[in-house]
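Engineer: Dock chains B, C and D against the given chain A, drawing on the hints supplied.
Residue numbers (my numbering), protein chains in the order written: chain A, 3 to 170; chain B, 3 to 170; chain C, 3 to 170; chain D, 3 to 170.
Worth flagging that the hints you see were computed from the coordinates, not collected in a lab. Check each hint, because a few of them may be wrong.
The calculated EDC-like cross-link candidates involving lysine to aspartate or glutamate, where the alpha carbons are at most 20 angstroms apart (straight line), are [as the list claims (entries may be wrong)]: (1) C/LYS5 - D/GLU80; (2) A/LYS77 - B/GLU74; (3) C/LYS71 - D/GLU74; (4) D/LYS71 - C/GLU80; (5) D/LYS163 - A/ASP6; (6) B/LYS4 - A/GLU90; (7) B/LYS71 - A/GLU80; (8) C/LYS163 - B/GLU10; (9) A/LYS4 - B/GLU80; (10) D/LYS4 - C/GLU80; (11) B/LYS71 - A/GLU75; (12) B/LYS163 - C/ASP6; (13) A/LYS77 - B/GLU75.
Sample of chain C residues at the chain B side, in silico, Cβ under 7 angstroms [stated by the list, open to error]: (14) GLU58; (15) GLY102; (16) ASN105; (17) GLY108; (18) SER109.
What you are looking at is a predicted structure, and each value in this text was computed from that prediction instead of being measured. In this text, a Cβ means the ideal position worked out from N, Cα and C, and glycines have one as well.
Below are the chains, spelled out letter by letter.
Protein chains: 4
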Amino acid sequence: MKKDVMKEHVVQMLQERGVSLDDIAELSWQLQAPYNNELTKQECRESVERVLEKREILYPVLTGLVIDKLAEEGKLPEPLLSVICRDEGLYGVDELLGLGITNIYGSVGLTSFGYLDKMKNGILGKMNQTQKNGGRVTTFLDDIVAALAAAASARLAHRGKAKKEQVM
Amino acid sequence: MKKDVMKEHVVQMLQERGVSLDDIAELSWQLQAPYNNELTKQECRESVERVLEKREILYPVLTGLVIDKLAEEGKLPEPLLSVICRDEGLYGVDELLGLGITNIYGSVGLTSFGYLDKMKNGILGKMNQTQKNGGRVTTFLDDIVAALAAAASARLAHRGKAKKEQVM
Amino acid sequence: MKKDVMKEHVVQMLQERGVSLDDIAELSWQLQAPYNNELTKQECRESVERVLEKREILYPVLTGLVIDKLAEEGKLPEPLLSVICRDEGLYGVDELLGLGITNIYGSVGLTSFGYLDKMKNGILGKMNQTQKNGGRVTTFLDDIVAALAAAASARLAHRGKAKKEQVM
Amino acid sequence: MKKDVMKEHVVQMLQERGVSLDDIAELSWQLQAPYNNELTKQECRESVERVLEKREILYPVLTGLVIDKLAEEGKLPEPLLSVICRDEGLYGVDELLGLGITNIYGSVGLTSFGYLDKMKNGILGKMNQTQKNGGRVTTFLDDIVAALAAAASARLAHRGKAKKEQVM
Numbered sequence: 003m004k005k006d007v008m009k010e011h012v013v014q015m016l017q018e019r020g021v022s023l024d025d026i027a028e029l030s031w032q033l034q035a036p037y038n039n040e041l042t043k044q045e046c047r048e049s050v051e052r053v054l055e056k057r058e059i060l061y062p063v064l065t066g067l068v069i070d071k072l073a074e075e076g077k078l079p080e081p082l083l084s085v086i087c088r089d090e091g092l093y094g095v096d097e098l099l100g101l102g103i104t105n106i107y108g109s110v111g112l113t114s115f116g117y118l119d120k121m122k123n124g125i126l127g128k129m130n131q132t133q134k135n136g137g138r139v140t141t142f143l144d145d146i147v148a149a150l151a152a153a154a155s156a157r158l159a160h161r162g163k164a165k166k167e168q169v170m
Numbered sequence: 003m004k005k006d007v008m009k010e011h012v013v014q015m016l017q018e019r020g021v022s023l024d025d026i027a028e029l030s031w032q033l034q035a036p037y038n039n040e041l042t043k044q045e046c047r048e049s050v051e052r053v054l055e056k057r058e059i060l061y062p063v064l065t066g067l068v069i070d071k072l073a074e075e076g077k078l079p080e081p082l083l084s085v086i087c088r089d090e091g092l093y094g095v096d097e098l099l100g101l102g103i104t105n106i107y108g109s110v111g112l113t114s115f116g117y118l119d120k121m122k123n124g125i126l127g128k129m130n131q132t133q134k135n136g137g138r139v140t141t142f143l144d145d146i147v148a149a150l151a152a153a154a155s156a157r158l159a160h161r162g163k164a165k166k167e168q169v170m
Numbered sequence: 003m004k005k006d007v008m009k010e011h012v013v014q015m016l017q018e019r020g021v022s023l024d025d026i027a028e029l030s031w032q033l034q035a036p037y038n039n040e041l042t043k044q045e046c047r048e049s050v051e052r053v054l055e056k057r058e059i060l061y062p063v064l065t066g067l068v069i070d071k072l073a074e075e076g077k078l079p080e081p082l083l084s085v086i087c088r089d090e091g092l093y094g095v096d097e098l099l100g101l102g103i104t105n106i107y108g109s110v111g112l113t114s115f116g117y118l119d120k121m122k123n124g125i126l127g128k129m130n131q132t133q134k135n136g137g138r139v140t141t142f143l144d145d146i147v148a149a150l151a152a153a154a155s156a157r158l159a160h161r162g163k164a165k166k167e168q169v170m
Numbered sequence: 003m004k005k006d007v008m009k010e011h012v013v014q015m016l017q018e019r020g021v022s023l024d025d026i027a028e029l030s031w032q033l034q035a036p037y038n039n040e041l042t043k044q045e046c047r048e049s050v051e052r053v054l055e056k057r058e059i060l061y062p063v064l065t066g067l068v069i070d071k072l073a074e075e076g077k078l079p080e081p082l083l084s085v086i087c088r089d090e091g092l093y094g095v096d097e098l099l100g101l102g103i104t105n106i107y108g109s110v111g112l113t114s115f116g117y118l119d120k121m122k123n124g125i126l127g128k129m130n131q132t133q134k135n136g137g138r139v140t141t142f143l144d145d146i147v148a149a150l151a152a153a154a155s156a157r158l159a160h161r162g163k164a165k166k167e168q169v170m
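One chain only, chain A, in its complex shape (with noise of 0.2 angstroms):
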């Protein structure tokens, strides 16, 4: 499959769990502002399009978001079904699968992951609460935003620096 036709699945996928291209900008925009005071949502908007034009980046978020939606559909076996049901804390292929993302701009972006993964902003805080009521299966769903959102941020932050750099 072309890079540009999967990208677009995966963009409808996170749709259908929910999560906009624009709640990942928000995100992205809420780490990297403190940062860079003239940073519009603009413009993340614009990283996380381009970081979802890497197939490194496509293939994780594709195979988090399938064992996802099987899990929710009870089609996988058991005993990884019920483990990622219930999102146990010690599983760890979730948060695997988010460092593969924010690695592909450096290690600067594992942190802002870390700290997102924990705080739950935003629309990760709703997400979490929508498993918790039993309504969905969100057990890479968050990592997956919250990596995208750091990957989109560690990005900018690299632009930013050699924008800089040509100014001086």
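Structural biologist: Same frame as chain A, but now just chains B, C and D:
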């Protein structure tokens, strides 16, 4: 699920996919023997057993084995199904899980994992051939087996060092 | 150097930089207490001690502490000296070492590490202030302390799980 | 320091340690040629150049090269000095930096890095021999060179894929 029950479950899943703990121990011995000429295959087998008693290792192993199986049975949605069935070289999620497994014994297992994954020694070569012949899906299996062997070998390296110190 | 001698050496280096094992245990307790209301600070302290008995953790800790010290004494060549002295946000090698430390207890410690590194709780906030005031170089130290606390906390999470299973 | 000045500085440091960008390109070509029989060494050389334009890669490269040099000049404190001078197998920080470098192009570069680090192809074998003969300290250098070659190769793999898609 209790840890020892999960271990038993994972060992059985490996068996069903044609991999015994002795196969993994053999790879581990090949990795470690050049540095320790007294190392027996029995010690390697025991190291593999210990590695499979860690929950942080059992979870990625279990997840990878389940994805392979679902792919083989055609139970994953597209485009993920095709990506995994043809073991797409840029997929990378299999390596992410492998990395998560070897990391538990420090970064020294990392190069052994990469080496095995590339050289396709022993059972790894057979697996790969089976997949190419359209037999089974082993996209995650080969990384998992290589990572377990590398982890068991790194564990022995750390223990060997500790033992030598006690003698001194 | 024997492992226990190296541990002692690292503990002393931390002390010289103003960090006691109790400071790290305190951070670890803050991370883990919400999930375990019987957890004592003494248990956290013991977990920090165990974490510092692993060679794969002692090495990155030692390396980071040495780099900070050489930077403080102006003994690194440029441009690395300036990058480390001003704790350049895009440097990332400090986070890489932190990641190497937390990984030993699985990916679940990763988000705690990121969270601490961003929130600058307790001793981490003080450190950061000292560096900003031109006092000392703590570019690696804060990541090391956050990573050790996250590792000690992840270790307790895994053990707590194991203990509960034995009771059942 | 501006990014292009830092690149130049790093290239010169590599040169001083006996490694040219063509040496790295050669390793990269060996890795990638089996998958792409039209690949030229010139393309690999260009890929190495691009890889060295990323700040998130320049920083770990610079850090590793500086540590090797300080070790060679006896300017690191003990016990770190001895650990690095004898390229202690369990040290692992060199692999951590290598991992940080390859990760920028996704986890697919990981196995190539491990493979090169173990096989000691081309310049890597020579380096290793030099260190064993008591010549120079190349504890970080070999991992850095292997990681740069793996990164340049993974970058080409991603681009080759993208190019094929445009043709289709």
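Engineer: Determine which of the earlier numbered hints do not hold for this structure and return their numbers in increasing order.
Structural biologist: none
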